[in-house]
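Peer 1: Please model the entire structure based on the sequences and the hints provided.
Keeping their order, the protein sequence lines are chains A and B. According to our numbering, the first sequence is numbered sequentially starting from 426. According to our numbering, the second sequence is numbered sequentially starting from 519.
These aren't lab readings, by the way, just hints derived from the structure by calculation. Among the hints, a few may not be true.
[Claimed, not checked] Here are some, though not all, of the chain B residues that point toward chain A, as calculated from beta-carbon distances under 7 Å: (1) 557; (2) 566; (3) 574; (4) 578; (5) 586; (6) 589; (7) 590; (8) 610; (9) 613; (10) 641; (11) 694; (12) 818; (13) 819.
[To be verified] Straight line, CA to CA, 30 Å or less: simulated DSSO-like cross-link-like pairs of lysine-lysine: (14) B:763 with B:851; (15) B:557 with A:527; (16) A:787 with B:817; (17) A:507 with A:533; (18) B:763 with A:572; (19) B:768 with A:787; (20) B:763 with A:783; (21) B:644 with A:633.
Remember, predicted model here, so these are calculated numbers, not experimental data. A virtual CB, placed ideally from N, CA and C, is assigned to each residue, including glycine.
For reference, the chains in residue letters:
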Amino acid sequence: MSCCKQWLILGALSSLAACSNPGQTVTPFMDDNPQNLSDWGMVMAKGRALTLGEDAMPYDLNTPLYTDTAHKLRVVWIPPGKKAKYREERALDFPVGSVIAKTFYYPKDSTGTLLRTLDYSHDFAGEGLNLNTVRLVETRVLIHREKGWVALPYIWNADQSDAVLERTGGAIPIHLKKQDGTGQDFTYVIPNANQCAGCHAPNATTRKIEPIGPAPRHLNKMYAYQDGEENQLDRLIRLGRLDGLTAATAAPQNANWLDEGAPLDKRARAYLDINCGHCHNPHGAADTSAFYLDRPEHQYPAGNTGLCKPPVAAGQGTGGHSFDIVPGDAENSILVYRMASNNPGVMMPELGRSTVDKEGLKLVSDWINAMDGDCTNPQ
Amino acid sequence: MILKNAYVGVAVAALALAGCGDQAKPPAKDTSQNDSYQKILQTQLLDAKPGDVIEIPAGTFAFDRSLSLTVDGVTIRGAGQDKTILSFKGQISGAEGLLVTANDFTIENLAIEDTKGDALKINEGKNITIRGIRTEWTNGPATDNGAYGIYPVQTENVLIEDSIAIGASDSGIYVGQSKNIIMRRNRAEYNVAGLEIENSINADVYDNIATNNTGGILVFNLPNLEQRGEQTRVYNNKVYENNLKNFAHKGAIVSTVPAGTGIIVYANDRVEIFDNEIKNNKTTNIAIASYYSVGEMSKRGVKASFDPYPEGIYIYDNTFEGGGNSPALLELKALKLAMFGLKGNLPDIMWDGYVNAELPAETKRLCVQNGDAKVINVDGPGGYKNPSMDQSPYDCTLPKLPEVKF
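Peer 2: Okay, here's the thing in structure tokens:
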């Protein structure tokens with residue numbers, strides 16, 4: 426096998442230099458899909474830490490997508506000398522060659538039991554993760570190739586040394602200890618490569634895959650870097666990696682859904698934006714429903730807000746309720762019914778969770794219950 | 519910043535990492551790692567190239583997650599709708615059995631059973647052929663069955679033929695928000711709605727059998743959507759004994775369909791119903807209704823631009839037998855008793871009587887040229903108090919609609 430001989434030689438030649446460098450080089454694979462996550466260099470298990478590739482920037486979002494309470498480490502790498510372009514309402518336009526890696530993991534206690542918690546404070550080792558306190562589950566890679574973005578799911582192996590490409594996804598039994606000490610068992614489902622596009626193609630007509638999280642409104646927040654705290658957009662600007670924006674203050678900003686000091690409407694809309702808006706937008710896969718939940722700043726007309734809107738093709742997903750949102754009555758709102766369900770034929774979002782987001786459900790319920798009026802107003 | 523040779527150094531960098539001593543060990547065995555047929559088929563779907571035919575042999579194959587296809591020009595072919603069975607009985611994830619988001623797609627000769635949500639969904643795509651498919655919930659009709667059997671939505675040029683849909687808790691074969699549709703030689707049984715055309719333009723529905731559903735064939739328009747449906751021909755179908763108790767969840771639009779409805783048109787325009795054999799549908803053989811009879815026209819939830827009234831409905835040369843003898847709705851029961859007696863029947867065609875008063879007097883809402891068949895205007899707007907058997911409003915004709923071709 427000539428390919429492998431070549432590999433061995435190349436490996437021998439380059440390993441010395443690589444090993445002498447404590448950093449790890451990021452490699453954007455522009456054609457092939459490497460079998461091992463470590464090949465990318467974006468995130469890599471080294472000793473008892475998950476370390477970041479050189480020039481790979483960690484980031485997080487004002488309000489994240491719910492994925493069975495898994496914690497996430499998001500990392501973006503922009504090719505040297507290149508810049509992302511600012512787009513106000515979509516993810517930044519990262520140049521060809523950019524790579525994003527999103528690692529899903531659970532915090533664990535000293536016995537190795539996985540925890541259901543919103544507390545990230547024990548997760549980190551520098552800008553990477555502390556493998557003594559977390560268990561890695563999967564890493565999803567987005568690579569911007571010449572013809573567009575490609576999404577690749579990698580599943581972490583049992584000894585946490587590397588993750589392996591599994592384009593058909595996977596299903597992993599998970600046991601979590603909840604904060605009240607009780608347990609929760611479920612099957613954590615890793616989407617297949619097509620299902621990645623189910624969310625990451627926010628325009629269902631062009632079907633072009635793009636990142637969702639790194640849009641200005643989600644990114645516009647402070648992050649604790651190794652060298653200090655800084656607004657994520659300001660940092661990109663300062664490092665010369667972002668064109669088209671002069672300061673983060675000029676960009677939109679979603680609320681942090683957990684920030685009880687923020688207005689309820691903004692928190693709920695931020696939650697619905699990141700959890701639903703990638704399909705529930707005027708061009709998304711769920712435009713079939715005429716129910717739009719993206720971009721909190723955007724006011725949709727009656728008939729698209731969900732308020733008193735009859736469902737289109739919800740089928741058994743109505744749960745016996747007549748409208749997407751009934752103001753003042755979360756319990757009779759289809760939106761809430763579907764968020765509270767674990768039945769794959771009923772639940773929303775359709776993919777990406779096996780458990781109910783109790784905190785998210787409460788937020789959206791509170792939001793609906795605070796609305797005025799009713800649905801009896803005849804036309 | 520040092521410029522790295524990122525694009526050229528791929529293999530080198532990859533190996534450099536592997537050479538560092540913390541190299542990857544073989545992956546652990548996991549439920550996700552076994553080479554089940556689920557994984558084999560999903561891999562084929564991921565790797566498919568335009569022009570590929572993916573053959574699925576005879577046998578029953580179990581899946582616990584949705585399958586999906588995004589590549590244009592692919593054919594999926596089984597060995598027969600009773601031979602190749604994709605069973606989703608243990609499904610834990612995914613809102614459908616197979617989700618297709620691609621053009622030039624053909625699926626034929628297989629069955630999709632017991633999905634938690636829809637069996638086969640095609641969301642946006644041109645030139646879709648669905649042939650010899652069976653979708654079925656094998657436990658029979660149940661409220662918690664998946665919503666739709668065969669469900670193309672926002673598609674164009676879609677042919678559905680020789681297929682069977684059984685047990686859907688909403689609609690067996692449902693084409694939504696699409697253009698140019700041919701639905702022929704299918705059989706829909708034990709669904710809430712047998713065959714349904716919703717917010718679609720140019721549909722020919724013929725040579726189908728719809729029986730034992732709550733409603734046999736539905737032509738609907740729903741509010742708030744980008745596309746308003748019109749121009750559907752329903753002909754040469756056999757629509758009989760659609761008397762199944764409605765088992766849809768309330769809120770689903772079909773939950774308002776009274777059990778025992780043969781063909782029903784809601785808020786759609788230019789619908790031609792002819793040469794069908796329609797019999798023994800207990801509420802009525804044909805119902806023509808406005809959105810007022812099914813939904814709530816709230817200002818907050820329904821766009822003002824929505825037209826809730828059916829217009830240009832043309833019914834002719836159908837064969838009717840029985841039906842209308844035991845309507846499911848209380849109002850209609852009372853009305854039948856009062857007008858036609860205990861042993862009498864409601865007429866073959868029922869109209870809810872809602873009209874758009876702003877249209878000119880000569881507007882042809884409903885034309886009937888169907889021998890002895892009669893229309894009853896049940897006076898929905900007046901609370902069913904003043905039903906009318908005056909046939910003169912319907913003695914008109916409409917230009918015939920063209921055949922759907924693509």
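Peer 1: Quickly compare the C-alpha distance for residue 787 (chain A) and residue 817 (chain B) to 30 Å and report which way the hint goes.
Peer 2: 28 Å, holds
Peer 1: Let's test the interface hint: is any C-beta of chain A closer than 7 Å to that of residue 694 (chain B)?
Peer 2: 6 Å, holds
Peer 1: Residue 590 (chain B) was flagged as interface toward chain A. Is the shortest Cβ-Cβ separation under 7 Å?
Peer 2: 10 Å, violated
Peer 1: Does residue 566 (chain B) hold up as a contact with chain A if the rule is Cβ-Cβ below 7 Å?
Peer 2: 10 Å, violated
Peer 1: Are the Cα positions of residue 763 (chain B) and residue 783 (chain A) separated by 30 Å at most?
Peer 2: Since the Cα atoms of residue 763 (chain B) and residue 783 (chain A) sit roughly 36 Å apart, the hinted pair is violated (cutoff 30 Å).
Peer 1: Given the hint that residue 763 (chain B) pairs with residue 572 (chain A), test it: the Cα-Cα distance must not exceed 30 Å.
Peer 2: 52 Å, violated
Peer 1: Identify whether the interface hint at residue 557 (chain B) stands, where standing means a beta carbon of chain A within less than 7 Å of its own.
Peer 2: Holds. Min distance 5 Å.
Peer 1: Given residue 578 (chain B) as an interface hint, is its Cβ closer than 7 Å to any Cβ of chain A?
Peer 2: 20 Å, violated
Peer 1: Against chain A, with CB atoms and a cut of 7 Å, does the hint on residue 613 (chain B) hold up?
Peer 2: 4 Å, holds
Peer 1: Given residue 586 (chain B) as an interface hint, is its Cβ closer than 7 Å to any Cβ of chain A?
Peer 2: 4 Å, holds
Peer 1: Let's test the interface hint: is any C-beta of chain A closer than 7 Å to that of residue 641 (chain B)?
Peer 2: 6 Å, holds
Peer 1: Take a quick look at whether residue 644 (chain B) and residue 633 (chain A) sit within 30 Å of each other, Cα to Cα.
Peer 2: Judged against 30 Å, a Cα distance of about 17 Å means the pair holds.
The structure fails to meet hints 2, 3, 4, 6, 7, 17, 18 and 20 from the earlier list, while all remaining hints are met.
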